[in-house]
Every structure is written in C-alpha cells, then in structure tokens.
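Take the sequence shown: its letters are residues 1244 to 1419, numbered as in the numbering used here.
Worth flagging that the hints you see were computed from the coordinates, not collected in a lab.
Among the clues, some could well be false.
Simulated restraints on C-beta separations [to be verified]:
| # | residue 1 | residue 2 | range |
| --- | --- | --- | --- |
| 1 | Lys1332 | Gly1288 | 40 to 46 Å |
| 2 | Pro1314 | Leu1419 | 30 to 36 Å |
| 3 | Cys1287 | Arg1390 | 46 to 52 Å |
| 4 | Leu1347 | Val1327 | 21 to 27 Å |
Below are the DSS-like pairs computed for lysine-lysine, each with C-alpha atoms no more than 25 Å apart in a straight line [unchecked claim]:
| # | residue 1 | residue 2 |
| --- | --- | --- |
| 5 | Lys1294 | Lys1262 |
| 6 | Lys1283 | Lys1270 |
| 7 | Lys1262 | Lys1284 |
| 8 | Lys1395 | Lys1283 |
| 9 | Lys1294 | Lys1282 |
| 10 | Lys1284 | Lys1294 |
| 11 | Lys1262 | Lys1283 |
| 12 | Lys1270 | Lys1294 |
| 13 | Lys1395 | Lys1371 |
| 14 | Lys1282 | Lys1262 |
| 15 | Lys1282 | Lys1395 |
| 16 | Lys1283 | Lys1294 |
| 17 | Lys1270 | Lys1282 |
Since the model is a prediction, treat every value here as computed from it, not as a measurement.
Ideal Cβ positions, reconstructed from N, Cα and C, are used throughout, including at glycine.
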Amino acid sequence: MDEISQWFALRDLSRPNAKSSAYELLKDCGIRCFTPLVKKKMVCGGRREWKDMPYMRDLLFAYSTRSALDPLVEDVISLQYRYVRGGFKQPMVVREADMNRFILAVESSVAARYYRPEEITPAMRNRKIRIIGGPLDGYEGNLVTTRGTTVKRLLVELPMLLAAAVEVEPEYIQLL
C-alpha cells in the first residue's frame, strides 16, 4: 500500500535559544515544511537586528508521509505530532488545497497578521469578499476591518489552527 504525502501539524517543543529548531531539522532531512514567520527585533552581539521568528513557537507543518515522519518524531524528543481531539493517537492533518492556499496568501503579502482561532471575533468577519485579479485571484473570504487604518485585509484560515489577515489592494475586492 503506497502512502500519500500529507500536511501534518507538528509541535516543536525546543527552547527558543536552541541551536537548531525542528523546522531546520526537517529541512535538512529534505522534508517540505512551513511555519508562519513574523519579524521581531532581536539583540545579537550588542546590535539590534530584525529576524524572522515563528509566530507560534510550537506550530509547524510538514509535507510528507507518515512512515517518513514517524522515525523523526521518535528520535527527536522536542518534535511531536498535534493530535485530533477525541481521536486516539490520530495526527492532525491539513487538506493539501487549504494549506497551499494559506501558504500562497501569506507569501504574497508583505506583512501578514496572524490570529489564533480564539482571537477571531464576529466583528472581524465583517463582509464576504472575492478577490478578482492579482496574486490572490479567485480567493473568497472575509474582509477584516481594523479601526484607524485604510489597509484592506483578507482573512485566510486553517480551521482550528491558525488564521492570517493578508493585505489586498482595494481595486481587486468584489463584495459578495
């Protein structure tokens, strides 16, 4: 029986000051992975520098087969699967189409804002929109409005895990 590659949600429990993270380990093993990154100001050698840091330290997505990931999860103490609630040892899997859509949206935006599921309020889901043209052509979602700003943002979600609000040019927005 051939296994198919899937996007698995993993936990990286290594310390923030660890020499290498699970993200780097998976990349070195040739496994495609994604973690949402934000820019943070860090002090390195007495100088302040902007560095890309994970938004949620313990959230990591890996695109591989279960048989390829199992030995790594067993060998590396700080790497774990995220499990489905109510399922017995059933790893959390994100649909490939949803994950690719999320990655494309985040990478097309200069400054994506991330939200945990509990941070999203009904007021944030203001209007239903469709994007026509540009890098996000065909995307549908909610228009996120923030008081005091003129920037329009589209809310792109990974159900029960994470959401990102990505900047969209106003001329591409069609109200539904």
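Ascending list of hint numbers which this structure does not respect: Hints 2 and 3 are the ones this structure does not satisfy, whereas the remaining hints hold.
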